[in-house]
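Just so we're aligned: the sequence shown equals residues 0 to 651 in numbering that gives the first Met the number 0.
It should be emphasised that the hints constitute simulated quantities derived from the structure, not laboratory data. Since the model is a prediction, treat every value here as computed from it, not as a measurement. Don't take each hint at face value.
[As the list claims (entries may be wrong)] No farther apart than 27 Å at their CA atoms in a straight line, the calculated lysine-lysine pairs in the DSSO-like style are these: (1) Lys219 / Lys192; (2) Lys107 / Lys192; (3) Lys192 / Lys222.
[To be verified] Distance ranges between label pairs, derived from CB positions: (4) Leu352 / Arg53: 24 to 32 Å; (5) Gln119 / Asp232: 51 to 59 Å; (6) Gln308 / Asp357: 32 to 40 Å; (7) Ser261 / Arg366: 41 to 49 Å; (8) Ala227 / Gln86: 43 to 51 Å; (9) Arg386 / Ala364: 28 to 36 Å; (10) Gly109 / Ala364: 50 to 58 Å; (11) Gln86 / Glu165: 53 to 61 Å; (12) Ala227 / Thr161: 23 to 31 Å.
Quick reminder that beta carbons are idealized off the backbone N, C-alpha and C, glycines included.
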Amino acid sequence: MLGFGTDAVMIRPLRGRVLALAAWTALMIVAAAAGYSTAKRIAMASLAEATSHRIDIYSASLQAELHRYDYLPATVALSSEVRELLQHPSDPALQARANDYLQTINEKAGASAVYVMDTQGLTRAASNWNQPLSFVNINFSYRPYFRDAIAGRSGRFYGIGTVSREPGYYFADGVERDGRAIGVTAVKVDLDKLDQAWSHDGEKILVVDGSGIVFLASEKALKFHALANLSPDTRSRLASTRQYAEAGSIDRIALRPTAELSPETSVVEFGGAQPGTRSAAPPGAVEYLMQSRPVAGTDWRMLVLSDAQYVESVARTSAAVVVFAIGSAGLLVFSLRQRRHLAQQTIAARVALQKAHDELERKVAARTEALSDANGLLQSEIGERRRAEEALKATLDELVHAGKMAVLGQMSAGVTHELNQPLSALRTLSANTVEYLELGRHDQVVSNLRMIGHLSERMGDITSQLKKFARKSAVELHLVAIGPVLDDALFLLDQRIRDGRIALHRRIVPENLSALCDANRLEQVLVNLLTNAVDAVERDGRPAPGAAPALIDITAALHEGWVAIEVSDSGPGIDSSVAPHLFEPFFTTKPQGAGLGLGLAISAAIVRGFGGTLRTQPGALGGASFALRLRSSVTQLFPAEDRPINEATLHG
Numbered sequence: 000m001l002g003f004g005t006d007a008v009m010i011r012p013l014r015g016r017v018l019a020l021a022a023w024t025a026l027m028i029v030a031a032a033a034g035y036s037t038a039k040r041i042a043m044a045s046l047a048e049a050t051s052h053r054i055d056i057y058s059a060s061l062q063a064e065l066h067r068y069d070y071l072p073a074t075v076a077l078s079s080e081v082r083e084l085l086q087h088p089s090d091p092a093l094q095a096r097a098n099d100y101l102q103t104i105n106e107k108a109g110a111s112a113v114y115v116m117d118t119q120g121l122t123r124a125a126s127n128w129n130q131p132l133s134f135v136n137i138n139f140s141y142r143p144y145f146r147d148a149i150a151g152r153s154g155r156f157y158g159i160g161t162v163s164r165e166p167g168y169y170f171a172d173g174v175e176r177d178g179r180a181i182g183v184t185a186v187k188v189d190l191d192k193l194d195q196a197w198s199h200d201g202e203k204i205l206v207v208d209g210s211g212i213v214f215l216a217s218e219k220a221l222k223f224h225a226l227a228n229l230s231p232d233t234r235s236r237l238a239s240t241r242q243y244a245e246a247g248s249i250d251r252i253a254l255r256p257t258a259e260l261s262p263e264t265s266v267v268e269f270g271g272a273q274p275g276t277r278s279a280a281p282p283g284a285v286e287y288l289m290q291s292r293p294v295a296g297t298d299w300r301m302l303v304l305s306d307a308q309y310v311e312s313v314a315r316t317s318a319a320v321v322v323f324a325i326g327s328a329g330l331l332v333f334s335l336r337q338r339r340h341l342a343q344q345t346i347a348a349r350v351a352l353q354k355a356h357d358e359l360e361r362k363v364a365a366r367t368e369a370l371s372d373a374n375g376l377l378q379s380e381i382g383e384r385r386r387a388e389e390a391l392k393a394t395l396d397e398l399v400h401a402g403k404m405a406v407l408g409q410m411s412a413g414v415t416h417e418l419n420q421p422l423s424a425l426r427t428l429s430a431n432t433v434e435y436l437e438l439g440r441h442d443q444v445v446s447n448l449r450m451i452g453h454l455s456e457r458m459g460d461i462t463s464q465l466k467k468f469a470r471k472s473a474v475e476l477h478l479v480a481i482g483p484v485l486d487d488a489l490f491l492l493d494q495r496i497r498d499g500r501i502a503l504h505r506r507i508v509p510e511n512l513s514a515l516c517d518a519n520r521l522e523q524v525l526v527n528l529l530t531n532a533v534d535a536v537e538r539d540g541r542p543a544p545g546a547a548p549a550l551i552d553i554t555a556a557l558h559e560g561w562v563a564i565e566v567s568d569s570g571p572g573i574d575s576s577v578a579p580h581l582f583e584p585f586f587t588t589k590p591q592g593a594g595l596g597l598g599l600a601i602s603a604a605i606v607r608g609f610g611g612t613l614r615t616q617p618g619a620l621g622g623a624s625f626a627l628r629l630r631s632s633v634t635q636l637f638p639a640e641d642r643p644i645n646e647a648t649l650h651g
């Protein structure tokens, strides 16, 4: 009986401790939940208030961009050039005047394009009339902005251009005469610069049209996706207007609302652009605070998604603080009750904690020192690499210039011959002129002086062309006409071609064919290729008896959107064992002293800098043939395997 009573006495305090621990734990759980909820609500409200100011700024910037061009269609409609053209649309002179006027207006306004359509939607004049993707003679009657403007309303429309393949916002107004519509003026504006400005902010900024399709976004991957599933009627309407015809399939964005804070503010889970029609956010979706604002004067809405992760972090931290506070209070009470019994243990724990803190401080200091040393080494390596890149670029530029000088050296004999002939003629004419002057034969004096002037001009042309070719210049890519550059290259080799009795065939289709390159360096490439061709067909400076005629064929044409230039000759061709080494530096098949073996290597490096390629291929004339491919416009991108010239190496 005594033992039973002792056990009961021991059980009662233990049960009381268990109940107290359970109550304390329940209190911490309830307090943590309340602290989490309160902190999250306060943090979310603070984030919403901050975002509200920013979305007003974004919306104002969008409206300001639209208002900049709102006046332009009506202004263009008042011009006499436009009105006369619409009354006489088949008059080419009026069309030319209207084209020049629209081009001038567009250059001053800074829009993408300004154009004029007749009542049938056919474009009669445009600011881009002289560009490859001109709007002239394109019919836009299917566009809503045309239908609104021809009906007497202001046409406003956002869509992807069916000609330029570039998105833009269209302004349109009707042109009337005696109360009757005679045409429509339209202005296209590029709004993508707003995307670029928004992309530097940390938020996701979207602008959606009345159909719920995102057409402006701070992230390019989100453009031309829908916030909800599109109805068949909506898809049919978009197809008829071709509003997003070039954007491909319009998929739905994985956006799922989780809480609504106000009519224009809600919490959503967002997983980016997802194909299909799923409504739930995919695994790994992030929580965002989404605010919405209508864009005045349109059926658009602007959405700003602010990352709410930090709100969750604040809420969890607040809950942890509450738990810590209650736990600390409980531990304090427990500590006071056990103070006498645990004094030594507390002191020992403090000593151990201080020791751990000191050890941690030591490790942090050591790691900080190591990171500082590593950062200094990294900065040094970065500086060395920059200096190496600059030295490589300077070396490459010097090598290109050295290639020019080598070519000029090889051409020196022909140039000397070209200059000696007019010099000899000048000496003879000068002596004759003195005699004619003494004899009073002034008509012969005038004739001789004119001939002297003509010969001096010819010598000036030769030296001027040599100076132009030898000029050391930086690479500047722009559209360059192929014909004049080829003429300059042939001018430098004209004497060798004539002395060698070489038949030269030159074809450029079309005659005004242009490529994106640097004219001076393209001339250097052509001179190198033509020099090799002349060397291949020359036989000691004259044709061998009974030999086939020496031929060089040069063609330039557009091929699959690229400018293709081919230089072929009727020489012995390229041996299969030599072909793999043609573009290697210092490799040459010419006799010693006849070449450095750098011409093709330098030419290949120059062409790579243009974003093009230089290759050898079987020749139609039985000899060697080199194919040069250049970009035809600035809209083409560099192929993945190509690099800019300041990064190119001679080995490619």
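Decide if the proposed pair is consistent with the structure: Lys219 and Lys192, CA atoms, cutoff 27 Å inclusive. Satisfied, since the Cα-Cα distance of roughly 12 Å is no more than 27 Å.
Arg386 paired with Ala364, Cβ distance criterion 28 to 36 Å: holds (33 Å)
Indicate whether the distance between the beta carbons of Gln119 and Asp232 respects the range 51 to 59 Å. violated (27 Å)
Pairwise beta carbon distance, Gln308 to Asp357, judged against the given window 32 to 40 Å: holds (35 Å)
Does the Cβ pair Ser261, Arg366 satisfy 41 to 49 Å? holds (47 Å)
State, for the Cβ atoms of Leu352 and Arg53, whether the hinted interval 24 to 32 Å holds or is violated. The hint (24 to 32 Å, Cβ to Cβ) is violated, given that Leu352 and Arg53 are roughly 45 Å apart.
So the hint says 50 to 58 Å: do the beta-carbon atoms of Gly109 and Ala364 match that? holds (57 Å)
Given the range 53 to 61 Å, decide if the beta-carbon distance of Gln86 to Glu165 lies inside it. violated (32 Å)
Would you check the hint for Lys107 and Lys192, treating anything up to 27 Å between C-alpha atoms as holding? holds (18 Å)
Is 43 to 51 Å a correct range for the gap between the Cβ atoms of Ala227 and Gln86? holds (47 Å)
State, for the Cβ atoms of Ala227 and Thr161, whether the hinted interval 23 to 31 Å holds or is violated. Given a distance of about 26 Å, which is inside 23 to 31 Å, the answer is holds.
Given the hinted pair Lys192 and Lys222, is their alpha-carbon gap at most 27 Å? Roughly 14 Å between the alpha carbons, so the hint for Lys192 and Lys222 holds.
The structure fails hints 4, 5 and 11 (numbered hints given earlier, in ascending order).
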